[in-house]
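Trainee: If you read the sequences in order, they're chains V, D, Y and P. With my numbering applied, the first sequence covers 1 to 422. With my numbering applied, the second sequence covers 1 to 422. With my numbering applied, the third sequence covers 1 to 422. With my numbering applied, the fourth sequence covers 1 to 422.
Because the hints were derived from the structure by calculation, they are not lab data. Fair warning: there could be bad hints in the mix.
[Claimed, not checked] Computed list of lysine-lysine pairs in DSS-like fashion (alpha-carbon distance at most 27 angstroms, straight line):
(1) P/Lys401 / V/Lys9
(2) P/Lys209 / Y/Lys7
(3) V/Lys214 / Y/Lys71
(4) Y/Lys7 / D/Lys162
(5) V/Lys209 / V/Lys162
(6) Y/Lys394 / V/Lys327
(7) Y/Lys214 / Y/Lys71
(8) V/Lys162 / V/Lys327
(9) Y/Lys327 / Y/Lys394
(10) V/Lys327 / V/Lys273
Number of protein chains: 4
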Amino acid sequence: MIEWVDKEKVFKDPVHDYIYVQDRLIWDLINTRAFQRLRRVKQLGTSFLTYHGAEHSRFTHSLGTYETMRKVLSHFDRNFGWPSDDRMRLLALCAALLHDIGHGPFSHTVESVFQFHHETWTQRILIEDPEVSRILMRVDEDFPQDVADVIAKKDKFPLVVKLISSQLDVDRMDYLLRDALNTGVTYGTFELERLIRVMRPEGNDVVVKKSGMKTVEQYILARYFMYSQVYLHPVTVGSDVLLRHVVSRVKKLWDRGDAVYLVDELKPFLSRKADEISVAEYLELDEGVMNYTLQRWTRAEDPILRDLSDRFVNRRLFGSVDTRELKEVERQTIREMFRANGLNPDYYLSFQTATTGGYHMYKQGIKLVEESGRLLDDISKYSGLVRSLQPESKFRIFCPKEVLRGEGKYKPIRGWLDALRD
Amino acid sequence: MIEWVDKEKVFKDPVHDYIYVQDRLIWDLINTRAFQRLRRVKQLGTSFLTYHGAEHSRFTHSLGTYETMRKVLSHFDRNFGWPSDDRMRLLALCAALLHDIGHGPFSHTVESVFQFHHETWTQRILIEDPEVSRILMRVDEDFPQDVADVIAKKDKFPLVVKLISSQLDVDRMDYLLRDALNTGVTYGTFELERLIRVMRPEGNDVVVKKSGMKTVEQYILARYFMYSQVYLHPVTVGSDVLLRHVVSRVKKLWDRGDAVYLVDELKPFLSRKADEISVAEYLELDEGVMNYTLQRWTRAEDPILRDLSDRFVNRRLFGSVDTRELKEVERQTIREMFRANGLNPDYYLSFQTATTGGYHMYKQGIKLVEESGRLLDDISKYSGLVRSLQPESKFRIFCPKEVLRGEGKYKPIRGWLDALRD
Amino acid sequence: MIEWVDKEKVFKDPVHDYIYVQDRLIWDLINTRAFQRLRRVKQLGTSFLTYHGAEHSRFTHSLGTYETMRKVLSHFDRNFGWPSDDRMRLLALCAALLHDIGHGPFSHTVESVFQFHHETWTQRILIEDPEVSRILMRVDEDFPQDVADVIAKKDKFPLVVKLISSQLDVDRMDYLLRDALNTGVTYGTFELERLIRVMRPEGNDVVVKKSGMKTVEQYILARYFMYSQVYLHPVTVGSDVLLRHVVSRVKKLWDRGDAVYLVDELKPFLSRKADEISVAEYLELDEGVMNYTLQRWTRAEDPILRDLSDRFVNRRLFGSVDTRELKEVERQTIREMFRANGLNPDYYLSFQTATTGGYHMYKQGIKLVEESGRLLDDISKYSGLVRSLQPESKFRIFCPKEVLRGEGKYKPIRGWLDALRD
Amino acid sequence: MIEWVDKEKVFKDPVHDYIYVQDRLIWDLINTRAFQRLRRVKQLGTSFLTYHGAEHSRFTHSLGTYETMRKVLSHFDRNFGWPSDDRMRLLALCAALLHDIGHGPFSHTVESVFQFHHETWTQRILIEDPEVSRILMRVDEDFPQDVADVIAKKDKFPLVVKLISSQLDVDRMDYLLRDALNTGVTYGTFELERLIRVMRPEGNDVVVKKSGMKTVEQYILARYFMYSQVYLHPVTVGSDVLLRHVVSRVKKLWDRGDAVYLVDELKPFLSRKADEISVAEYLELDEGVMNYTLQRWTRAEDPILRDLSDRFVNRRLFGSVDTRELKEVERQTIREMFRANGLNPDYYLSFQTATTGGYHMYKQGIKLVEESGRLLDDISKYSGLVRSLQPESKFRIFCPKEVLRGEGKYKPIRGWLDALRD
C-alpha cells in the first residue's frame with residue numbers, strides 16, 4: 001500500500017528545522033489546490049494587528065502538525081510497536097496534515113456571522129473535493145471517510161483521535177511553538193522532544209509516564225500563557241469584534257436589499273445556507289477575497305460599513321475597558337447612551353466575555369502511568385498546578401477609542417464606563 | 001521639536017525582542033494608512049512558495065529597520081556625540097522606517113511589466129500622501145523632501161544615506177536576520193550587536209574599526225549565503241517568471257481589447273503610465289488585490305491566462321535546468337520547438353541569468369579605521385574573503401515541469417535541453 | 001565619585017549577548033583575586049553529573065546578575081528617576097556583582113559538614129579582603145559595610161535588598177536563564193525584558209504592574225520547573241549525598257587521628273571553627289583543591305573513603321527509591337540491615353526529604369500595582385496559579401545501586417525497600 | 001554482536017537537544033573512569049579567560065561528536081545502505097566517542113613542555129587501559145586496535161577515518177556549534193542537518209552533492225571565523241604563553257634540583273619520557289591536579305614561578321602587540337632590553353606566529369558529486385570563497401601589560417615596540 005516518494009522530501013521549517021515526507025500520498029495531498037489554499041489563510045486571524053509577527057499561515061501549521069505526528073509515531077513504533085499496520089500510520093498522518101483544511105479566512109469571526117463551522121467543511125472537503133478524495137482513496141475506498149471520522153472525533157480509531165484532538169494532541173504541540181516563534185514570545189515554549197518521549201499508547205488511550213508529569217505541566221501551562229498573552233489579547237479580540245461587525249453590516253445591507261459591493265465569491269455565503277454551498281464554492285473563499293473586499297468597503301456608500309472597514313484595514317481598532325459583568329439592564333443603558341450620541345450600538349459597541357480554557361478531564365484528560373506499567377489516575381489528581389487551571393472569565397466592553405478617551409460629546413459615556421471599571 | 005509619546009511604546013518582535021518608540025512622530029507615521037498597507041505586502045514576494053515560512057510582511061521589516069537605526073544612533077550618540085541635533089536623528093529614523101513605503105505586491109515582478117519603480121513611489125508617497133507628509137511636516141516644511149532625498153541617495157545628508165543604503169546599512173541588517181528567522185535557515189545570521197559596536201561615524205562616512213573586520217566579513221557573507229540559498233533560489237525565480245508571465249498576458253489581452261477580469265484598482269496600471277497615476281491610486285494596490293485577481297484568473301476564458309494563473313495559485317510551478325549561456329540563435333531554436341509543441345514561448349519559456357551581488361567598493365564600500373583613528377583603505381584591500389566575492393552568474397531555462405521531464409510529445413525538447421545542461 | 005572606564009568595556013555572554021561595564025569600580029572588582037576565584041567554583045555544584053552541560057561557574061552567573069541589575073536600574077532611571085544618586089546605583093551594582101563571592105566548592109554540600117555559611121563568608125570578604133575592600137572604599141569608608149549589609153538583608157537599603165534577594169530578584173533572573181541554557185532545557189525560560197518593563201520602584205518596595213501578572217507567573221513557574229527538573233533531580237541529590245559522606249568520612253578519620261591525605265588548604269577546615277579561619281585561608285578553597293583531593297582519596301587506605309571517593313569521581317553514583325516518609329524505628333531497621341550486610345549506614349545510606357520552594361508572601365512577596373498607581377495586594381491574591389505553588393516534599397532513600405537492584409546478598413534489602421515504595 | 005541497552009538512553013544536551021544511546025557498548029564506554037575523566041578537562045583550555053562562557057569540558061564535546069556520527073550513520077544507512085555491517089557502525093561510533101580520550105589538561109600548552117602528544121595517549125588508552133580495552137574487546141579481539149588505527153588515520157577503514165578526521169568530520173561539526181553556543185557567538189553556526197543530508201559515501205570517500213556546495217562553504221567559514229575570533233584570540237594565546245612559561249619554569253627548577261612544590265601525579269612527567277609513563281599514571285593528570293598545583297605555585301619560593309603563577313591564576317595576563325615578523329637579531333635586541341630591565345625574557349617575553357588554517361585539498365579535501373552520481377573535482381575548484389581561504393599568519397609579541405604600557409623603566413621598551421608595530 002505504501003508508495004514511497006523516490007527520494008525523501010524535506011521542507012525547511014523554522015520550528016522543526018526539517019519536515020520529512022516519505023510517502024507519496026502525503027506529498028500529493030500537500031500539492032492539492034485545497035491544501036495550497038491554506039497558504040492564503042492566516043493561522044492566527046487578526047492577531048497580526050497585535051503581534052506584528054503573527055503573519056504565518058495555516059499551511060505552515062498544517063505541515064508542522066503532520067511532522068509532530070510523524071515524530072510521535074516514530075517513537076511509538078520504535079518503542080511500543082504501534083501502529084502495527086501501515087493504514088493506521090497513514091490515517092494518523094493524513095488526519096494530522098488535513099485537520100485544518102476546512103478553515104476559511106478569519107474563521108472564528110466570519111463563521112459566527114455566516115453560521116457555519118470549519119470542522120464541517122474539513123470533513124466535507126475530505127469526501128467531496130475530487131482531488132483530495134481521489135488521493136485518499138488510493139489507500140482504499142473507506143479511507144476518506146475514516147480520516148473525516150477521526151476529525152469528527154468518532155469512536156472508530158480512538159488512539160488516533162486522541163493524538164489529533166485532546167489535551168495532549170499534535171495540533172496544539174505545533175501551534176504553541178509556532179505561534180510563540182512568530183509572535184516573538186517565549187510563553188508557548190515547552191520540551192517537545194521530551195514530551196513525546198514520555199507519551200505511550202495504552203489500549204485506546206495515550207498516557208504519560210509519571211516521571212514526565214512536570215513536562216506535561218510545562219506544556220499545559222504553555223497553552224495557558226498563550227491564551228492569556230496572545231490568543232485572547234484584548235487588542236485581538238477587539239479586532240475580531242470590529243471585523244465581525246463589518247461582516248454583519250454587510251449581511252444587514254444585503255438582507256435588506258441595499259447596494260453593497262460584493263465579489264462573486266462572497267455572494268453564496270450571504271444568500272444560501274452552508275449546506276447549500278458546494279465545496280468548490282467554499283474553497284474559493286480565502287484572505288485574498290476578504291482583504292480585497294474589505295479594502296473596497298473602505299469606500300462603501302453606507303457610512304457605517306465604510307467607517308468600520310476603514311477602522312479595520314487601517315488599524316484604528318476598538319479599545320476596551322475591563323468591567324464587572326453587566327446586567328442586561330445596564331447593557332441596555334449603555335446601548336442607549338451610544339445611540340444618543342450617534343453611534344449605532346450594534347456596530348460600535350460590544351460586550352465580550354473572554355474565557356480561558358483551564359484543564360478539563362472530561363475533555364480527554366491525560367492519564368499517568370507508572371514505569372511498571374500500572375495505570376494511574378488523571379494528572380489533575382497529582383498536580384496542584386493543573387488543578388489550579390480553572391477557566392477564567394473576563395468581561396470587557398469594546399468600542400471606539402475616542403469614546404473610551406471621552407473625547408467631546410463622549411465625555412458622559414466615559415464617566416459611566418469609569419464607574420463600571422473592574 | 002521632539003514630541004515624546006506619553007510612555008515609551010514597544011512592539012514585541014521576533015528578531016529584536018522589542019522595538020522601542022519614544023517619538024510621537026514615529027508613532028504617528030506607523031499609524032498612517034500608507035504604512036499599515038505594508039502589512040499587506042510580503043517582504044519576500046514569491047519566496048513563500050519555496051520556503052513556506054517566508055510569509056512575513058514589509059511592515060515587520062520596516063519596523064525592524066527603524067529599530068536597527070535606533071540602535072546605531074544610540075551607539076553613535078553615546079560614544080561619538082552624533083547626531084548632534086534632533087532633526088538629524090529624526091531624519092535617520094524616518095528614512096529607516098519609511099524606506100520601503102513605496103513597495104507594492106510582488107514588486108520586483110509586477111514592476112517590470114508595469115514599468116515603474118518602487119523607489120519613485122516611496123519618494124512620491126512621502127511628499128504627496130497627505131497623511132504622511134503632514135506628519136513629516138511637523139518637523140519643518142523641508143522635512144518630507146529631505147527624507148525623500150535621503151531615500152534617493154542625494155548628497156545632502158551623506159551619513160544618513162550611508163546608514164540607509166550602502167554595503168553596511170540598517171535595511172540589510174534587519175532583512176538578513178528576519179528573512180533567516182522566517183525561512184528557518186541560519187545563513188543570514190551575524191553578530192548584529194558587535195557589528196554596530198565596531199561602526200563609527202567619520203566625517204561623511206561610516207567606517208569600521210579594523211579589529212572588527214571579521215565581524216564585517218561575517219555580515220557580508222550572510223548576504224552572500226542568503227542570496228544564493230534564498231533570494232535567488234531557482235524555485236523562487238521560477239515563481240517570479242510565472243507571475244510575470246501572468247501579468248504580461250493580462251496586459252497583452254487588455255492592450256488588444258480582449259475581455260479580461262480586472263478589478264478597478266488594477267485598471268490604472270494597464271491604461272496609464274506611472275507618472276499619470278496618483279499616489280492614492282497606487283496605495284490601493286496590495287496583495288489583497290493581486291491575490292484575489294489571480295484567483296479569478298484561474299477561471300479566465302483565455303486558456304493561457306487561465307493555465308498560468310492556475311499554475312501560480314495552486315503551485316504547479318515552472319521547473320528549471322542549468323545550462324551554459326545560450327546564443328540568440330539557440331534560444332530561437334528552443335522557442336520554435338516550444339511553439340511547435342503548442343506552447344507559446346512568450347509565456348511558457350524563459351531564459352534567466354541570475355547574478356549574485358558580490359562586493360563592490362564603488363557601491364559605497366566599507367572603509368576600515370585603526371584604533372588610533374587613522375583611516376585605512378577599503379575592507380577589500382585587507383580581506384581576501386571579501387575580494388573573492390565576485391558577482392556570479394547562472395544561466396537557467398525555465399518552463400513547465402512536464403516539458404523538463406520529457407513527458408509525451410515533449411521528449412525531443414528534453415533531449416535538446418539535456419544536451420545544453422551545465 | 002564615578003570613575004568611568006576609558007571606554008565602555010564588554011563581556012560576550014551566552015545569556016545576555018553583551019555585559020556592559022562603564023564604571024572603573026566594577027571593572028576593578030571583577031579583576032580581584034577573590035572574584036576571579038569564582039571561575040573555579042561551579043554554579044550548580046554536582047549537577048553536571050546529571051546534566052552534563054551544567055559546567056558553568058559562579059563567575060559567569062555573577063557577571064550576569066550584575067548585568068541584570070544594570071538593566072533594571074536603567075529602566076528605573078529612565079522611567080521613574082530612581083536611583084537619584086550615584087552611590088545608590090553603585091551599591092546595587094556592587095551587591096549584585098559580589099553577592100556570591102563567598103561561595104566555595106560544592107558549597108551546599110561541603111558547608112553542612114564544615115558548618116559554615118557562604119553568606120557569612122561573602123560579608124567577611126567584602127570587609128576583610130584587603131583587595132576587595134580597598135576598591136569598595138574608593139566610594140567611601142562605609143561602602144564595604146553597606147554592600148555587606150545589603151547582602152545580609154539589613155533594613156538600611158530596602159529597595160536594593162529587594163532587588164538582590166526576594167521573590168523577584170536579579171540573582172534568580174540570571175540563574176534561571178543561565179542554568180536552563182547550559183543544561184539544555186527550556187524549563188527556566190521566561191520573558192526577561194518584559195518582566196523588567198513591568199517592574200517599578202514604589203517606596204521601599206519593587207512592585208509589578210497588574211497587566212504584567214502573567215509574565216510574573218511565567219517567571220515564578222520557571223523557578224518551579226527548574227527546581228523539580230534540575231536543582232532537585234534525584235541523581236544530583238544522590239551525588240550531593242555521596243560527596244557529603246566522603247567529607248564526613250574524612251572528618252571522622254581526622255578527628256580520630258587516622259592517617260588521611262590532606263592538602264594544607266583543607267586542614268584549617270578540619271581543625272578550626274569557621275570564625276577562627278581567616279578570609280585568606282578561605283579564599284584558597286576552590287574546586288581545584290577539592291577535585292585534586294578527591295582524586296587522591298580514590299587511593300586512600302581507608303576502604304570506605306577509598307570506595308566513596310571512587311564512586312564520586314568516576315560516577316558510580318548512589319541510586320534512590322521514592323518511599324513514604326519513614327518512622328525512626330523503620331529507619332533504624334534499614335540501617336541495621338545495611339550494617340548486617342557489611343555496609344556502614346552512616347556512609348552508604350541516606351534518608352532525604354527534598355522540598356520544593358513554593359511561593360511565600362512572607363519571603364518578600366510580590367505586590368501588584370494598577371496602571372493608575374493604586375497599590376494592590378500580593379500577586380497570590382490574584383493568581384490561582386501562584387497560590388497552587390505550595391511547598392512539596394518527597395521522601396527518598398539513597399544507597400548504592402547494587403543494593404537497589406537487589407544483587408546477591410542485597411536481595412532481602414531490596415524486598416524491604418520495594419514494600420516501602422511510594 | 002549488538003547488545004542493546006534495555007531502554008534507549010538519552011542525555012539532555014544544549015547543542016543536540018538529546019543524545020541517543022542504543023548500544024550497551026557505548027553506554028559502558030561512557031561510564032569508564034577514563035571517559036569520565038574528560039569532565040575534568042576543559043574543551044577550550046584557557047579560552048575561558050577570554051570568553052567567560054567557555055567552561056565546557058571535553059566530556060560534553062565527546063558525547064556530541066558521538067551523536068553527530070550517529071546522525072550521519074543514520075542518514076547513510078537510510079539512504080545509501082552503509083555501513084552494511086554492525087561492526088563498522090560500532091567502529092565509527094566508538095572512534096567518534098573516544099577520539100579525544102587522550103587529552104590532558106590544557107593539552108596544547110602542557111604537551112609542548114612535556115613533549116608528548118594526546119593522539120598517542122588516545123591510542124594507548126584504547127589498548128592499554130584495562131577497563132576501556134576490555135569493553136571494546138567484547139566486539140572482538142582486534143577491535144581496540146582497529147579503533148586506535150582509525151584515530152591514527154591508518155588506511156584500513158578509510159571512510160570512517162574520513163568521518164572522524166578530515167575537512168568534513170563529525171569532530172569539527174560538534175565543536176564549532178558547541179564552542180559557539182558556550183562562548184555566546186554566532187560565528188560557528190551552520191546548517192548541521194542540511195550538511196549531513198548532502199553528504200554521501202562514495203567508495204572510500206565521503207563526498208558532497210553539488211547542490212549542497214554553499215552549505216559546505218558555510219561550514220568551512222564557520223571554522224574560519226571561530227579560529228580568528230575565538231581559538232586564536234590574542235588574549236587566549238597570551239594565556240597559553242603564560243601557562244607554558246609557568247610549566248617550563250617548573251621544569252627548569254626541577255631539572256636543576258631546586259625545591260618546587262609538586263604533587264605526586266606530576267612527578268612522572270618531569271622525570272621520565274612519555275613512553276616510560278604508564279597509562280594509569282597519565283590518567284591521573286587532570287585539571288584538578290593542574291589547578292591545585294598552580295594555586296600552590298602562587299606561593300612558591302622562586303620569584304619567577306610565584307609571579308607567573310599568580311598572573312595566570314588571578315588573570316593578570318600578558319598583553320600583545322602586532323608587529324611585522326622580526327629577524328633573529330631584532331628578537332635578540334628585545335630580549336636584551338628585557339633582561340636589562342630585570343625581566344627574564346625566557347619567561348616574560350614570547351614571539352608568536354598565529355596561523356589560521358585555510359582550506360587544504362591535500363588535508364583530506366571535499367569532493368563534489370552531481371545528482372546523477374558523476375564525481376566532480378574538489379570543492380576548491382568550484383568555490384572562489386573556499387580558494388580565498390589561504391593560511392594567514394600574524395606575528396605578535398607577548399609580554400606583561402605594564403611593559404606594553406611603558407610604565408616607569410619600561411618606557412624605552414615601549415618605544416622600541418611602537419616602532420615595530422604592524
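Trainee: Against this structure, judge whether each hint is valid.
Mentor: Hints, one by one, checked against the model:
1. A hinted pair counts as satisfied when its Cα atoms are at most 27 angstroms apart, and P/Lys401 with V/Lys9 does not qualify at roughly 58 angstroms.
2. Between P/Lys209 and Y/Lys7 the alpha-carbon distance is near 48 angstroms, which puts this suggested pair outside the 27 angstroms criterion.
3. With a CA separation close to 31 angstroms, the supplied pair V/Lys214 and Y/Lys71 exceeds the 27 angstroms bound.
4. For the hint pairing Y/Lys7 with D/Lys162, the CA-to-CA distance comes to about 25 angstroms; that is within 27 angstroms, so the pair holds.
5. At most 27 angstroms may separate the alpha-carbon atoms for a hinted pair to count; V/Lys209 and V/Lys162 meet this at roughly 16 angstroms.
6. At most 27 angstroms may separate the alpha-carbon atoms for a hinted pair to count; Y/Lys394 and V/Lys327 exceed this at roughly 49 angstroms.
7. Under the criterion of a C-alpha separation no larger than 27 angstroms, the hint pairing Y/Lys214 with Y/Lys71 is consistent with the structure, at around 21 angstroms.
8. Among the hinted pairs, V/Lys162 with V/Lys327 is inconsistent with the structure: their alpha-carbon atoms are about 40 angstroms apart, more than 27 angstroms.
9. Of the pairs offered as hints, the one joining Y/Lys327 and Y/Lys394 holds, with about 15 angstroms between alpha carbons and a cut-off of 27 angstroms not exceeded.
10. About 33 angstroms separates the Cα atoms of V/Lys327 and V/Lys273, which puts this hinted pair outside 27 angstroms; it is violated.
When held up to the earlier numbered hints, the structure conflicts with 1, 2, 3, 6, 8 and 10 and fits the remainder.
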